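*Asks:* Take a look at the letters that make up each chain.
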Amino acid sequence: MSHSIIDPSRLERIEFSNDEIARYSRHLIMPEVTMEGQKRLKAASVLCIGTGGLGSPIALYLAAAGIGRLGLVDGDTVDFSNLQRQILHGTKDVGRKKLNSARDSIREVNPNVQVDLYDTFFTAENARQIAEPYDVIIDGTDNFPTRYCSNDVSVFLKKPNVYGSIFRFDGQATVFAPHLGGPCYRCMFPEPPPPGMVPSCAEGGVLGVLPGVIGVIQAIEAIKLIMGIGEPLMGRLLHFDALKLKFREFKLRKDPKCPVCGPNPTITDLVDYEQFCGIPQAKAAEAEETLVPAISALDLKAKLGRGDRFVLLDVREPFEFDICRIPGARLIPLGELAARMSELDSADEIVLQCKSGMRSARALKLLQEAGFGKLWNLDGGILAWSETVDSSVPKY
Amino acid sequence: MVKVLFFSQTAQLAGTSAAQWPLVSPCDACAFWESLLKKYPALAHIHSACRLARNGEYLREGEKIHPGDEIAVIPPVSGG
Numbered sequence: 001m002s003h004s005i006i007d008p009s010r011l012e013r014i015e016f017s018n019d020e021i022a023r024y025s026r027h028l029i030m031p032e033v034t035m036e037g038q039k040r041l042k043a044a045s046v047l048c049i050g051t052g053g054l055g056s057p058i059a060l061y062l063a064a065a066g067i068g069r070l071g072l073v074d075g076d077t078v079d080f081s082n083l084q085r086q087i088l089h090g091t092k093d094v095g096r097k098k099l100n101s102a103r104d105s106i107r108e109v110n111p112n113v114q115v116d117l118y119d120t121f122f123t124a125e126n127a128r129q130i131a132e133p134y135d136v137i138i139d140g141t142d143n144f145p146t147r148y149c150s151n152d153v154s155v156f157l158k159k160p161n162v163y164g165s166i167f168r169f170d171g172q173a174t175v176f177a178p179h180l181g182g183p184c185y186r187c188m189f190p191e192p193p194p195p196g197m198v199p200s201c202a203e204g205g206v207l208g209v210l211p212g213v214i215g216v217i218q219a220i221e222a223i224k225l226i227m228g229i230g231e232p233l234m235g236r237l238l239h240f241d242a243l244k245l246k247f248r249e250f251k252l253r254k255d256p257k258c259p260v261c262g263p264n265p266t267i268t269d270l271v272d273y274e275q276f277c278g279i280p281q282a283k284a285a286e287a288e289e290t291l292v293p294a295i296s297a298l299d300l301k302a303k304l305g306r307g308d309r310f311v312l313l314d315v316r317e318p319f320e321f322d323i324c325r326i327p328g329a330r331l332i333p334l335g336e337l338a339a340r341m342s343e344l345d346s347a348d349e350i351v352l353q354c355k356s357g358m359r360s361a362r363a364l365k366l367l368q369e370a371g372f373g374k375l376w377n378l379d380g381g382i383l384a385w386s387e388t389v390d391s392s393v394p395k396y
Numbered sequence: 001m002v003k004v005l006f007f008s009q010t011a012q013l014a015g016t017s018a019a020q021w022p023l024v025s026p027c028d029a030c031a032f033w034e035s036l037l038k039k040y041p042a043l044a045h046i047h048s049a050c051r052l053a054r055n056g057e058y059l060r061e062g063e064k065i066h067p068g069d070e071i072a073v074i075p076p077v078s079g080g
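Order-wise, the sequence lines are chains X and W.
Numbering of the first sequence is given in the numbering used here, commencing with residue 1 and proceeding in unit increments.
Numbering of the second sequence is given in the numbering used here, commencing with residue 1 and proceeding in unit increments.
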């Protein structure tokens with residue numbers, strides 16, 4: 001049995017209406033919860049960073065459970081591609097601010113919850129101010145800079161940080177709380193991966209139900225910390241594999257050399273997390289890499305209309321080609337291009353195309369080095385083609 | 001021998017979720033990675049950010065890997 005992080009003095013002024021008593025009755029009749037635990041929930045405030053795949057179940061279940069105050073941070077708008085997993089948002093919400101859609105869903109579930117909206121992304125500039133009033137920080141973000149930022153601000157403000165993260169069919173969850181004797185995110189992963197090497201949900205895909213499992217685990221952990229029941233997932237990294245349906249646990253320790261939570265910290269204030277994760281450097285390198293002869297989607301359309309003789313080469317994967325294609329395009333995936341170059345004629349004019357223009361820029365350089373001369377990269381890839389030329393081509 | 005378990009992206013890059021690894025005498029994490037990367041060069045891009053767990057516990061600095069151990073290769077993931 002652990003101690004609640006909610007000071008008992010805060011429970012004195014907490015009261016429930018008869019409707020609330022009925023609403024929470026299945027909690028109240030458990031000896032582990034009772035009125036005491038439910039009061040702790042109502043007295044508590046939780047900050048959920050992100051209202052996407054993880055944030056959706058976290059916010060919905062915490063609201064339903066009767067959390068008193070729920071802060072939500074997100075600067076994004078709802079997109080069709082979110083709906084497969086982000087159950088805070090519905091079809092009618094596409095194009096709306098995620099925060100507004102989230103607020104409406106939460107009110108529908110439980111109007112007793114105070115919902116604070118932060119229509120912004122969580123950065124070093126605003127993190128301290130946003131996080132300060134809350135008892136628990138829950139990390140439902142989707143990128144490394146924000147994860148390190150969320151960790152550091154939680155360490156500095158001495159607040160537990162309930163971590164969850166997903167990749168395709170796998171998820172991770174744990175609780176960071178150096179002030180309670182546990183490790184922090186930097187003890188677990190001191191070094192961010194090189195930018196672009198770990199795909200996001202948008203790049204690598206994700207099973208829609210997966211954040212449901214991981215987000216619900218995060219909500220459970222927040223509730224346990226607040227009620228002071230059970231054994232927190234502290235010092236243990238939980239790994240979930242949906243395909244094998246296996247949970248595994250790895251024991252984590254505080255890193256005595258941790259630059260943030262160790263005894264001799266070298267980082268004592270928030271830093272530039274984009275810089276720390278090498279994002280600006282990677283963007284500059286990417287700009288360099290895509291610096292190749294380019295053709296716009298509109299110019300490609302005009303070229304096709306004129307009946308020019310050229311090869312339109314799609315370098316995406318076959319499963320992407322199955323989703324959508326530009327009529328007349330030939331498929332040679334980037335990974336096979338070096339081996340299949342003999343299928344192309346270096347005397348031909350070739351327009352290269354992928355999803356957004358990165359892979360095709362690489363393919364262009366590959367062909368350039370092999371002596372091909374008349375090469376163009378479709379700027380913005382098939383996404384730009386769908387956007388500016390033919391909206392009947394689906395975006396994915 | 002040690003049993004190596006790959007998780008998430010490391011399983012994808014290695015093309016397998018488990019492998020038997022020849023090891024006759026204790027070695028440190030550095031030497032282990034060196035031999036692992038020879039067989040699975042695709043891991044090189046992210047290995048600096050990955051962590052190893054030995055028999056269910058994060059490997060401590062200086063801790064050796066022994067024959068008979070189960071070693072988990074845990075990559076950072078960021079999706080949300």
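Quick caveat, the hints were computed from the structure, so don't treat them as lab data.
If you're wondering where the values come from, they're calculated on a predicted model, not measured in any experiment.
In this text, a Cβ means the ideal position worked out from N, Cα and C, and glycines have one as well.
Hints should not be assumed to be uniformly reliable.
One-sided excerpt, in silico: chain W residues whose CB lies under 7 Å from chain X [unchecked claim]:
no., residue
1, 8
2, 34
3, 47
Residues of chain W placed beyond 12 Å of chain X at every Cβ, according to the derived structure [unchecked claim]:
no., residue
4, 7
5, 13
6, 21
7, 22
8, 23
9, 24
10, 39
11, 40
12, 52
13, 60
14, 61
15, 66
16, 75
17, 79
Label-pair restraints from in silico Cβ distances [unchecked claim]:
no., chain 1, residue 1, chain 2, residue 2, range
18, X, 26, W, 55, 37 to 43 Å
19, W, 1, X, 288, 58 to 64 Å
20, W, 31, X, 251, 22 to 28 Å
21, W, 34, X, 247, 29 to 35 Å
22, W, 30, X, 265, 21 to 27 Å
23, W, 26, X, 79, 48 to 54 Å
*Asks:* For every hint, state whether the structure bears it out.
*Replies:* A quick look at each hint next to the structure:
no. : hint                        : verdict
1   : 8                           : holds, 4 Å
2   : 34                          : violated, 18 Å
3   : 47                          : violated, 9 Å
4   : 7                           : violated, 6 Å
5   : 13                          : violated, 10 Å
6   : 21                          : holds, 18 Å
7   : 22                          : holds, 24 Å
8   : 23                          : holds, 20 Å
9   : 24                          : holds, 26 Å
10  : 39                          : holds, 19 Å
11  : 40                          : holds, 15 Å
12  : 52                          : violated, 10 Å
13  : 60                          : violated, 7 Å
14  : 61                          : violated, 7 Å
15  : 66                          : holds, 17 Å
16  : 75                          : violated, 7 Å
17  : 79                          : violated, 4 Å
18  : X:26 with W:55: 37 to 43 Å  : holds, 40 Å
19  : W:1 with X:288: 58 to 64 Å  : violated, 45 Å
20  : W:31 with X:251: 22 to 28 Å : holds, 23 Å
21  : W:34 with X:247: 29 to 35 Å : holds, 31 Å
22  : W:30 with X:265: 21 to 27 Å : holds, 26 Å
23  : W:26 with X:79: 48 to 54 Å  : holds, 51 Å
Hints 2, 3, 4, 5, 12, 13, 14, 16, 17 and 19 from the earlier list are contradicted by this structure; the remaining hints agree with it.
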